[in-house]
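Student: Chains as they are written, first to last, in the working numbering: chain A, 1 to 147; chain B, 1 to 108.
These are calculated hints, taken from the structure and not from any lab test.
Ideal Cβ positions, reconstructed from N, Cα and C, are used throughout, including at glycine.
All the given hints hold, so there is nothing to weed out.
Straight-line Cα separation of at most 16 Å, EDC-like style, residue types lysine to aspartate or glutamate; simulated pairs:
id, chain 1, residue 1, chain 2, residue 2
1, B, 50, A, 94
2, A, 81, B, 64
3, B, 46, B, 31
4, A, 81, A, 129
5, B, 23, A, 67
6, B, 21, A, 67
7, A, 43, A, 129
8, A, 81, B, 59
9, B, 23, B, 102
10, B, 21, A, 69
A few chain A residues that don't get close to chain B, going by computed Cβ distances all over 12 Å:
id, residue
11, 30
12, 48
13, 129
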Amino acid sequence: MGLSRRDVFRAGGAALASALFSPASARAQDEAVQLVERLTGRKPTVSDRLHLVMPAVFPTGYTVPMDLDIDSPMTEDDHVKRIRVFAPQNPLIEVASFNFVPQRSIARVSTRIRLAEPQYVLAVAEMSDGTLLMTKTFVDVATNGCI
Amino acid sequence: MNPVAPRVLLPSAATKGEIFKVKSIINHQMETGLRHDAQGRVIPRKIIHKFVCRYGGAEVFSVDLHEAISANPFIEFYLRATESGRLEFIWEEDGGGVYRLEHQLAVA
Numbered sequence: 001m002g003l004s005r006r007d008v009f010r011a012g013g014a015a016l017a018s019a020l021f022s023p024a025s026a027r028a029q030d031e032a033v034q035l036v037e038r039l040t041g042r043k044p045t046v047s048d049r050l051h052l053v054m055p056a057v058f059p060t061g062y063t064v065p066m067d068l069d070i071d072s073p074m075t076e077d078d079h080v081k082r083i084r085v086f087a088p089q090n091p092l093i094e095v096a097s098f099n100f101v102p103q104r105s106i107a108r109v110s111t112r113i114r115l116a117e118p119q120y121v122l123a124v125a126e127m128s129d130g131t132l133l134m135t136k137t138f139v140d141v142a143t144n145g146c147i
Numbered sequence: 001m002n003p004v005a006p007r008v009l010l011p012s013a014a015t016k017g018e019i020f021k022v023k024s025i026i027n028h029q030m031e032t033g034l035r036h037d038a039q040g041r042v043i044p045r046k047i048i049h050k051f052v053c054r055y056g057g058a059e060v061f062s063v064d065l066h067e068a069i070s071a072n073p074f075i076e077f078y079l080r081a082t083e084s085g086r087l088e089f090i091w092e093e094d095g096g097g098v099y100r101l102e103h104q105l106a107v108a
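Build the full structure now, drawing on both the sequences and the hints.
Tutor: Dropping the structure here:
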């Protein structure tokens with residue numbers, strides 16, 4: 001059985017689709033890493049120790065719930081010093097910075113934020129050993145939350 | 001104009017080592033810093049830009065807030081019960097306003 005024209009097109013289409021989609025998400029990841037590097041002056045590592053939980057779709061950009069939780073023993077030797085949150089598509093991209101104290105607070109916080117348009121929200125954790133961990137999550141808002 | 005109303009919700013007693021939740025909110029008259037008055041002058045920004053929690057005199061948690069925090073900032077966080085004592089909650093507003101609340105925690 002030889003290759004039909006349809007098979008060739010199908011294979012080409014799949015290759016094209018993967019060229020369009022998988023590298024696109026990799027590109028979004030790279031862009032997020034580069035942005036954080038530009039903002040903080042250091043290169044972050046994408047980590048699954050950070051849990052940034054936000055609704056995938058939310059009707060209003062004025063008060064989007066945000067839960068942040070980081071896996072950390074919060075001991076003197078191993079703790080989260082600070083978490084910074086960025087909304088890169090907002091007119092002012094810095095959202096907040098949460099500061100923790102080992103043994104006293106745990107690296108978990110909830111608040112409500114404004115988003116100007118659908119976008120990736122970034123969370124960057126500064127760890128006690130000097131490393132920078134990051135994660136991102138996409139939030140689709142229907143209305144602009146910035147006046 | 002409504003008076004500024006800071007509120008916190010947390011237990012009054014805990015066992016040593018326990019992690020407890022603190023809910024905080026402050027209702028105040030904010031200004032984004034993006035609006036103009038009738039004469040076309042910018043109305044100065046007035047947001048809560050800092051929140052600090054002190055426990056037994058030591059800072060245990062704080063937040064630097066920017067414009068993208070929703071109006072009347074709500075912050076929920078978690079502390080470890082280490083000793084009986086006083087918790088202080090301090091909100092700082094642009095223009096010099098400072099609002100405080102205190103709470104006694106008994107740790108057994």
